[in-house]
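Could you build all of it, start to finish, from the sequences and the hints given here?
Letter by letter, the chains look like this.
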Amino acid sequence: MTAATVPALEVPAVQVDGLEKTYGKGVHALRGVSFSVESGAVLALLGPNGAGKTTTVKILSTLSRPDAGRARVAGIDVLADPKGVRRIIGCVGQKDAVDLEATGRENLVLQGQLYGMSGADLRQRADELLDRFGLTDAAGRIARTYSGGMRRKLSVAMGLVHRPRVLFLDEPTTGLDPEARAEMWAEVARLSADDGMSVLLTTHYLDEADHLADRVVIIDEGLVVTEGTPNQLKSELRGDAIQVELVSAASSGQALSALGALDGRLRDMTCIGRAIHARVDDGAGAVPGVLAALERAGVPVAAVTVSRPSLDDVYLSHTGRAFHAANNGDSR
Amino acid sequence: MSTLVMQPTHMAVRYMRALWRQPLYVVFQLVQPMIWLFLFGQLFKNIDRLPGFGGTSYIDYLAPGVLVMSALLSNGWSGTMYIVDMERGVLDRFLSSPARRSSFLLGQLGYWAVLTVIQSVILIGLSMLAGARFDGGPLSVIALIAAAVLLGLTMACLSNAMALRLRQQDTVIAANVLLVLPLCFVSSVFIPTALMPAWIQTVARFNPVNWAVEAGRQSLVAGVDWSIVLTRLGGLAALALVFGWIAVRSYRAYQRSV
Chain U
271 MTAATVPALE
281 VPAVQVDGLE
291 KTYGKGVHAL
301 RGVSFSVESG
311 AVLALLGPNG
321 AGKTTTVKIL
331 STLSRPDAGR
341 ARVAGIDVLA
351 DPKGVRRIIG
361 CVGQKDAVDL
371 EATGRENLVL
381 QGQLYGMSGA
391 DLRQRADELL
401 DRFGLTDAAG
411 RIARTYSGGM
421 RRKLSVAMGL
431 VHRPRVLFLD
441 EPTTGLDPEA
451 RAEMWAEVAR
461 LSADDGMSVL
471 LTTHYLDEAD
481 HLADRVVIID
491 EGLVVTEGTP
501 NQLKSELRGD
511 AIQVELVSAA
521 SSGQALSALG
531 ALDGRLRDMT
541 CIGRAIHARV
551 DDGAGAVPGV
561 LAALERAGVP
571 VAAVTVSRPS
581 LDDVYLSHTG
591 RAFHAANNGD
601 SR
Chain X
38 MSTLVMQPTH
48 MAVRYMRALW
58 RQPLYVVFQL
68 VQPMIWLFLF
78 GQLFKNIDRL
88 PGFGGTSYID
98 YLAPGVLVMS
108 ALLSNGWSGT
118 MYIVDMERGV
128 LDRFLSSPAR
138 RSSFLLGQLG
148 YWAVLTVIQS
158 VILIGLSMLA
168 GARFDGGPLS
178 VIALIAAAVL
188 LGLTMACLSN
198 AMALRLRQQD
208 TVIAANVLLV
218 LPLCFVSSVF
228 IPTALMPAWI
238 QTVARFNPVN
248 WAVEAGRQSL
258 VAGVDWSIVL
268 TRLGGLAALA
278 LVFGWIAVRS
288 YRAYQRSV
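Residue numbers (our numbering), protein chains in the order written: chain U, 271 to 602; chain X, 38 to 295.
Simulated from the structure, these hints should not be mistaken for laboratory data. Possibly wrong hints are sitting among the right ones.
To be verified - Non-contacting residues of chain U with respect to chain X, defined by C-beta distances greater than 10 Å in every case (computed): (1) 311; (2) 333; (3) 357; (4) 394; (5) 450; (6) 464; (7) 480; (8) 484; (9) 504; (10) 519.
To be verified - One side of the interface only, derived from the structure: several residues of chain U facing chain X at Cβ under 8 Å: (11) 361; (12) 363; (13) 365.
What the hints assert, rightly or not - Distance ranges between label pairs, derived from CB positions: (14) X:56 / U:456: 36 to 46 Å; (15) X:155 / U:350: 44 to 54 Å; (16) X:65 / U:484: 46 to 56 Å; (17) X:179 / U:280: 56 to 66 Å; (18) U:502 / X:278: 56 to 66 Å; (19) X:155 / U:388: 24 to 34 Å; (20) U:456 / X:43: 32 to 42 Å; (21) U:477 / X:65: 32 to 42 Å; (22) U:347 / X:286: 23 to 33 Å.
All figures in this text were calculated on a predicted structure; none of them were measured in a lab. Ideal Cβ placement from N, Cα and C applies to all residues, glycine included.
Pasting the structure below:
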């Protein structure tokens with residue numbers, strides 16, 4: 271595909287205002303989510319499973335209806351003109367959504383036909399995408415014989431066949447091995463850089479959001495927690511992150527008071543299980559003092575880690591929970 | 038206009054291609070009807086001495102019933118296709134495309150219609166091999182196949198509706214098994230209504246399986262009673278439309294639950 275085949279949009283690619291959605295018996299999947307995706311930008315919707323990422327994408331792709339609030343894609347309201355929205359979006363869901371009994375090419379062609387494409391235009395587009403995703407050799411094989419990484423590539427190619435203006439990628443790299451993941455990252459980066467496509471991707475990988483997104487919106491329990499560029503979010507956190515892992519959670523109270531007495535050098539202290547997270551200006555320099563204080567208090571320490579601020583820390587500082595601790599349960 | 042025809046066709050082609058790649062599936066579908074025709078038909082061979090049969094041989098009597106029952110059984114699997122598509126995310130992908138919802142249903146029903154015709158033609162051949170004689174002529178045989186297709190489509194729509202609403206493979210399969218045999222037993226598939234207890238006679242009158250068998254059975258008698266054929270086919274067509282509408286409605290139920 272050549273550069274700039276997708277016309278730039280004057281309106282935001284996605285605009286979501288006060289979106290609410292409740293499932294069945296009072297499961298509040300969304301409790302008033304608002305954000306927007308600039309035309310041509312990549313926005314990552316970041317949060318643990320159950321945060322409301324997939325629900326948001328389902329509403330934007332007209333699969334699901336919001337209970338309250340408004341969602342527009344390229345200025346088109348998802349409730350007022352769902353068909354208009356469907357014509358300009360591409361969707362790649364969490365599941366590969368590939369017909370395993372059909373060949374790669376047949377999958378692509380059928381997908382194009384659903385968008386009214388046909389003939390030489392469709393054949394050419396299918397060839398182009400098979401080539402772009404390295405599936406040309408496998409194009410005539412039924413998808414059941416494909417590896418997980420190949421199916422995911424085919425799935426993304428299917429989402430692109432009709433040249434959408436806005437692409438939704440719901441957890442595009444979940445379950446992929448590191449190599450396939452790196453390829454997917456490169457491809458997503460190309461979509462916005464070369465094709466000028468607007469991309470909304472959901473992920474629960476912080477490094478993925480950090481790597482791919484122009485903007486990150488962190489959502490948790492159906493609410494937007496914070497948003498900004500990855501750098502903005504990280505620079506909100508001054509200094510390094512320091513994490514002290516105690517031998518036993520029982521001594522965490524003692525540890526907190528011992529560390530709290532360290533002349534306020536440690537900030538934003540939180541305790542999760544037997545791990546204490548805090549921020550400090552000079553991480554490496556602070557370690558001896560921290561260890562000495564804990565030893566004086568008689569608290570056995572298993573490990574101390576110092577790291578540069580990451581989106582993980584952003585998540586922690588906004589939600590009071592460690593990202594991976596929150597990241598279990600069903601996807602919504 | 039062209040998408041009205043083309044999109045269902047593309048969907049039907051998708052299923053036909055999958056069938057073409059597994060032709061054994063058709064053979065597999067024929068095992069059970071062959072048991073009915075060649076074993077059950079032989080076992081009850083002499084039952085035609087009872088007065089209710091009016092002089093037809095039992096295999097002549099049984100053949101259209103087995104054909105109709107087979108159409109019911111195979112079309113009853115229809116919903117499992119939706120379950121597989123739902124689990125793989127294929128259905129969501131379709132529903133987020135601008136293609137009409139009815140295209141997915143129509144395409145799949147087109148596939149079932151073709152499959153039922155193929156299966157029926159094979160079964161008519163096997164029935165003749167077992168000794169049945171289709172004396173009603175080609176038009177009445179076409180009516181028999183039409184009855185099987187219409188009843189099959191009704192069953193497919195019911196199965197699809199259940200798949201879209203309940204979204205459980207086991208339930209859809211169990212419903213097929215639990216529904217088809219009793220429906221066939223309270224119809225004239227195996228035995229004339231005259232020989233049935235009064236309550237089953239009453240139930241059979243409202244049983245669409247019985248309508249299909251009655252319409253189809255005319256293909257084996259020399260003087261075809263077209264009023265029976267056309268009224269029964271009309272009833273079956275109306276029923277297929279009702280269930281088609283229910284299946285389309287079920288898409289909305291599915292989307293509400295997403």
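Going through the hints against the structure:
1. Distance check on residue 311 of chain U: its Cβ is at least 21 Å (rounded) from any Cβ of chain X, clearing the 10 Å threshold; non-interface status holds.
2. Its beta-carbon lying about 5 Å from the closest one in chain X, residue 333 of chain U breaks the requirement of being farther than 10 Å from that chain.
3. Taking the minimum C-beta to C-beta distance to chain X, about 5 Å, the non-interface status of residue 357 of chain U is violated against the 10 Å cut.
4. Once the 10 Å rule is applied to beta carbons, residue 394 of chain U is consistent with being away from chain X; the minimum gap is 18 Å.
5. Residue 450 of chain U, annotated as away from the interface, keeps every beta carbon of chain X farther than 10 Å; the closest lies near 18 Å.
6. With a closest Cβ-Cβ approach of about 24 Å to chain X, residue 464 of chain U is found to remain outside the 10 Å limit, as its non-interface label requires.
7. Even its closest Cβ contact with chain X, about 27 Å, leaves residue 480 of chain U beyond 10 Å, as expected for a residue assigned away from the interface.
8. Even its closest Cβ contact with chain X, about 24 Å, leaves residue 484 of chain U beyond 10 Å, as expected for a residue assigned away from the interface.
9. The beta carbon of residue 504 of chain U is kept farther than 10 Å from every beta carbon of chain X, the shortest such distance being approximately 34 Å.
10. For residue 519 of chain U, the condition that its CB be more than 10 Å from all CB atoms of chain X holds, with the nearest at approximately 40 Å.
11. Given hint, residue 361 of chain U at the interface with chain X, holds; its Cβ is 5 Å from that chain's nearest Cβ, closer than 8 Å.
12. Look at residue 363 of chain U: its Cβ gets to within about 5 Å of chain X, closer than 8 Å, so that hint holds up.
13. The interface hint given for residue 365 of chain U is met, as the beta carbon of that residue sits about 3 Å from the closest beta carbon of chain X, less than 8 Å.
14. A C-beta distance of roughly 39 Å is found between residue 56 of chain X and residue 456 of chain U, which places it inside the suggested range of 36 to 46 Å.
15. Distance hint check: the CB atoms of residue 155 of chain X and residue 350 of chain U are about 45 Å apart, consistent with the given range 44 to 54 Å.
16. As the Cβ distance of residue 65 of chain X to residue 484 of chain U is approximately 54 Å, the hint placing it in 46 to 56 Å holds.
17. Our hint of 56 to 66 Å for residue 179 of chain X and residue 280 of chain U holds, since their Cβ atoms are close to 60 Å apart.
18. Between residue 502 of chain U and residue 278 of chain X the Cβ separation comes to about 59 Å, which falls inside the hinted range of 56 to 66 Å.
19. Remark: the range hint 24 to 34 Å for residue 155 of chain X to residue 388 of chain U is upheld by a beta-carbon distance near 28 Å.
20. Distance hint check: the CB atoms of residue 456 of chain U and residue 43 of chain X are about 36 Å apart, consistent with the given range 32 to 42 Å.
21. For residue 477 of chain U paired with residue 65 of chain X, a C-beta distance near 49 Å fails the hint of 32 to 42 Å.
22. At about 24 Å, the beta-carbon gap between residue 347 of chain U and residue 286 of chain X stays in the expected band of 23 to 33 Å.
Of the numbered hints stated above, those contradicted by the structure are hints 2, 3, 21, listed in ascending order.
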